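Going down the list, the protein sequences come from chains U and V.
All residue numbers for the first sequence refer to numbering that gives the first Met the number 0, where the first residue is 0 and numbers rise by one.
All residue numbers for the second sequence refer to numbering that gives the first Met the number 0, where the first residue is 0 and numbers rise by one.
In case anyone wonders, no lab produced these hints; they're calculated from the structure.
Treat the hints with care, since some could be wrong.
Claimed, not checked - Reference listing, derived: stretches of chain U covered by chain V, where coverage requires no fewer than 3 residues with Cβ under 8 Å from a Cβ of chain V: (1) 39–49; (2) 97–104; (3) 154–164; (4) 176–184; (5) 187–195; (6) 314–325.
Said to hold, decoys possible - Here are a few chain U residues that face chain V, going by a calculated C-beta distance under 7 Å: (7) 92; (8) 116; (9) 119; (10) 121.
Claimed, not checked - Counterexamples of contact, computed for chain V against chain U with all Cβ distances above 12 Å: (11) 21; (12) 90; (13) 165; (14) 199; (15) 221; (16) 274; (17) 289; (18) 320; (19) 323.
This structure is a prediction, so every number in the text was calculated from the model and none was measured.
Cβ coordinates follow ideal geometry from the N, Cα and C atoms, glycine included.
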Amino acid sequence: MAAKTTVGVPRETALALYEKMLLTRLFEHRLDLMYKGGDILGGMLLGTGNEAVSVGATSTLSKGDIIAPTHRGIGAHFVKGETPRGMMLQILGRAEGGTRGRDNTQHQGSMELGVIGMISHLGATPTTAAGCALAFKIKKQNNVAMGFTGDGATSLGDFHETLNMASVMKLPFIMIIENNQWAYSTPPSKQYACAKLADRATSYGMPGFTIDGTDVELVYTTVRHAVDRARSGGGPTLIETITMRLRGHSAADGAPYVPKEMLEEWSKKHPVDLHKAKLIERGWLTEAESAALEDRITAEIEEAVEYAKRAPYPEGPTLLEGVYAD
Amino acid sequence: MAEQLITYVDAIRQALLEEMRRDENVFCMGEDIGAFGGAFKITKGLLEEFGEDRVIDSPICENAIIGLAVGASLCGMRPVVEMQFADFVSNGFNQIVNNAATTYYRWRQPVPMVIRLPSGGGLSAGPWHSQNNEAWFFHVPGLKIVAPSTTADAHGLLKSAIRDNNPVLYFENKYLYRREKDALPPEDNIVEIGKARIAREGSDATVVTYASMVQRSLEAAELLEKEGLEIEVIDLRSLLPWDRQSVLASAKKTSRILMVHEATKTGGIGAEIAASIAEEAFEYLDAPLRRVCSHDTPVPYAPPLEEFFMPSTEKIADALRSLCSY
Ligand SMILES: Cc1ncc(C[n+]2csc(CCOP(=O)(O)OP(=O)(O)O)c2C)c(N)n1
Ligand SMILES: [Mg+2]
Chain U
0 MAAKTTVGVP RETALALYEK MLLTRLFEHR LDLMYKGGDI LGGMLLGTGN EAVSVGATST
60 LSKGDIIAPT HRGIGAHFVK GETPRGMMLQ ILGRAEGGTR GRDNTQHQGS MELGVIGMIS
120 HLGATPTTAA GCALAFKIKK QNNVAMGFTG DGATSLGDFH ETLNMASVMK LPFIMIIENN
180 QWAYSTPPSK QYACAKLADR ATSYGMPGFT IDGTDVELVY TTVRHAVDRA RSGGGPTLIE
240 TITMRLRGHS AADGAPYVPK EMLEEWSKKH PVDLHKAKLI ERGWLTEAES AALEDRITAE
300 IEEAVEYAKR APYPEGPTLL EGVYAD
Chain V
0 MAEQLITYVD AIRQALLEEM RRDENVFCMG EDIGAFGGAF KITKGLLEEF GEDRVIDSPI
60 CENAIIGLAV GASLCGMRPV VEMQFADFVS NGFNQIVNNA ATTYYRWRQP VPMVIRLPSG
120 GGLSAGPWHS QNNEAWFFHV PGLKIVAPST TADAHGLLKS AIRDNNPVLY FENKYLYRRE
180 KDALPPEDNI VEIGKARIAR EGSDATVVTY ASMVQRSLEA AELLEKEGLE IEVIDLRSLL
240 PWDRQSVLAS AKKTSRILMV HEATKTGGIG AEIAASIAEE AFEYLDAPLR RVCSHDTPVP
300 YAPPLEEFFM PSTEKIADAL RSLCSY
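Just need the whole structure built from these sequences, with the hints factored in.
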């Protein structure tokens with residue numbers, strides 16, 4: 000049936016998903032150029048190949064819902080309302096950025112937008128998201144919380160402890176695994192011995208699904224279902240999305256350990272390209288419209304770059320401000 | 000024949016190679032340390048020589064990596080485990096401070112193991128790829144802590160740590176990795192744990208320091224030499240136990256003490272040493288003890304903040320001037 004993956008994804012939603020994925024892709028492409036040009040200090044991690052998961056899953060949420068994105072989740076921030084300018088200010092460590100130059104990369108958080116500012120320690124902040132879910136339950140607030148984790152980070156105790164506790168307490172919580180088949184240089188065969196990571200859901204007593212993470216509509220509909228379930232008191236769900244990390248682990252990593260054929264094969268399945276082809280096939284988008292959208296987004300990104308580059312760093316002596324809340 | 004120069008990084012690898020060749024019970028374990036050679040390429044080539052049983056790629060789970068190392072050491076192995084960054088050792092805290100550190104005291108079973116901790120800032124790497132978290136462990140009886148500043152000590156202290164019958168935390172400084180270069184140390188280069196090194200002799204004041212701050216302190220001493228002041232610089236090398244005898248002797252000799260470390264000030268190593276000098280050599284002092292350390296905040300990302308945060312040659316020189324004119 001032709002409509003198989005479009006169930007529950009109306010045209011507007013499908014187009015909104017495309018716009019946010021395209022923004023993510025173009026923004027990250029710009030970051031890559033900036034890194035190569037020496038504009039970004041320290042490390043830089045990009046989510047190329049992950050756009051359908053970060054954007055698709057986050058797009059199922061409503062105002063007041065909370066996410067804990069990963070280090071590849073720039074798209075999730077955008078869906079939650081972060082602007083290209085805000086993201087650029089943060090990544091360049093400017094005083095006006097989300098962490099006021101205190102922290103690097105996309106580590107900013109905002110309870111107003113519903114985003115937990117991640118720490119680098121893998122596995123830690125999905126647990127925090129489950130804590131938000133606990134608060135929603137206690138306060139009888141009709142919201143859900145969503146944690147994102149890589150395949151590698153599922154090996155941490157945090158993952159197991161959190162899912163067990165969320166299930167025991169029937170928390171309105173969804174855990175999304177971004178299985179991009181690599182954790183730095185480590186492949187799944189050295190990370191876990193179960194067939195699918197979602198199989199673990201059984202042991203926690205919750206539903207688990209493994210889906211194609213390059214298909215944004217499939218991600219959207221599957222996660223949507225879990226979100227509805229959580230919101231209506233049904234408890235947590237574990238969803239594993241299969242993708243591929245289409246770049247090195249960080250900008251400094253040439254990833255010599257990734258087989259060339261694997262990269263070639265998965266590069267043909269870039270989630271943004273796949274979605275665009277579908278939209279065009281359905282007559283929901285024309286090449287001209289897509290090009291116009293790309294121009295508009297590119298202009299917005301360029302404005303963000305210009306603005307953020309001119310914006311000042313925080314001054315040294317402000318270091319001591321903000322260690323404690325008033 | 001030209002003397003062969005090697006870096007601090009290569010000295011660490013050299014020590015691992017020599018100890019693994021010497022003792023078949025020595026093995027390495029950590030994230031991405033096998034074929035990939037680790038995030039900093041320190042274990043590069045070890046897999047080829049020693050095979051997968053002794054150069055073990057682990058899943059991402061610092062708690063289990065350290066916990067398994069404790070268990071393996073009970074059975075006669077001498078594990079050397081790598082944290083990808085020192086910052087992530089917090090995930091294994093319980094195994095270190097409550098299990099490894101107390102085992103010998105409680106039931107007389109030695110726990111010979113080494114945890115390698117790539118640490119330190121000054122590289123615009125943000126709050127969790129920059130920490131100097133040695134003081135978290137300094138409070139724990141049963142642990143040993145070393146922090147080499149030179150290529151020769153990086154080599155000799157790692158060899159001693161591997162041969163020691165106690166859990167040793169080996170803090171290796173990322174800033175020094177490729178900046179420190181020296182002659183290839185001889186294979187019998189064993190640096191005794193607990194012995195400081197007089198990095199420079201002087202009579203007007205003593206800087207007690209370690210790791211990345213040794214070089215900065217030597218630079219400050221050189222500046223002050225031009226101003227007619229003779230500064231002694233003690234490189235502690237071992238932090239737990241630290242070399243009381245050398246430090247007290249120098250305090251009695253120069254009567255002026257400056258403690259310098261890159262870790263934050265409150266509750267740092269310098270505080271304990273200052274207290275000990277005040278207790279045991281008070282009547283020899285001509286000036287109050289001073290400390291130059293990082294400020295009490297998380298390690299910030301933006302360059303002006305990080306510069307303000309960390310000690311520098313100038314900050315050390317200024318403190319020495321004021322100390323000497325007291
Ligand atoms: C607790 C902890 N250990 C190690 C690291 C270093 N590290 C950063 S990302 C990464 C790989 C993560 O793999 P995965 O969870 O699959 O996410 P991906 O990067 O593939 O998106 C590692 C080992 C870390 N950040 N936190
Ligand atoms: Mg991964």
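Structure-based check of all given hints:
{"no.": "1", "hint": "39–49", "in the structure": "holds (count 3)"}
{"no.": "2", "hint": "97–104", "in the structure": "holds (count 6)"}
{"no.": "3", "hint": "154–164", "in the structure": "holds (count 3)"}
{"no.": "4", "hint": "176–184", "in the structure": "holds (count 3)"}
{"no.": "5", "hint": "187–195", "in the structure": "holds (count 3)"}
{"no.": "6", "hint": "314–325", "in the structure": "holds (count 7)"}
{"no.": "7", "hint": "92", "in the structure": "holds, 4 Å"}
{"no.": "8", "hint": "116", "in the structure": "violated, 11 Å"}
{"no.": "9", "hint": "119", "in the structure": "holds, 4 Å"}
{"no.": "10", "hint": "121", "in the structure": "holds, 6 Å"}
{"no.": "11", "hint": "21", "in the structure": "holds, 28 Å"}
{"no.": "12", "hint": "90", "in the structure": "violated, 7 Å"}
{"no.": "13", "hint": "165", "in the structure": "holds, 26 Å"}
{"no.": "14", "hint": "199", "in the structure": "holds, 29 Å"}
{"no.": "15", "hint": "221", "in the structure": "holds, 25 Å"}
{"no.": "16", "hint": "274", "in the structure": "holds, 24 Å"}
{"no.": "17", "hint": "289", "in the structure": "holds, 19 Å"}
{"no.": "18", "hint": "320", "in the structure": "holds, 21 Å"}
{"no.": "19", "hint": "323", "in the structure": "holds, 26 Å"}
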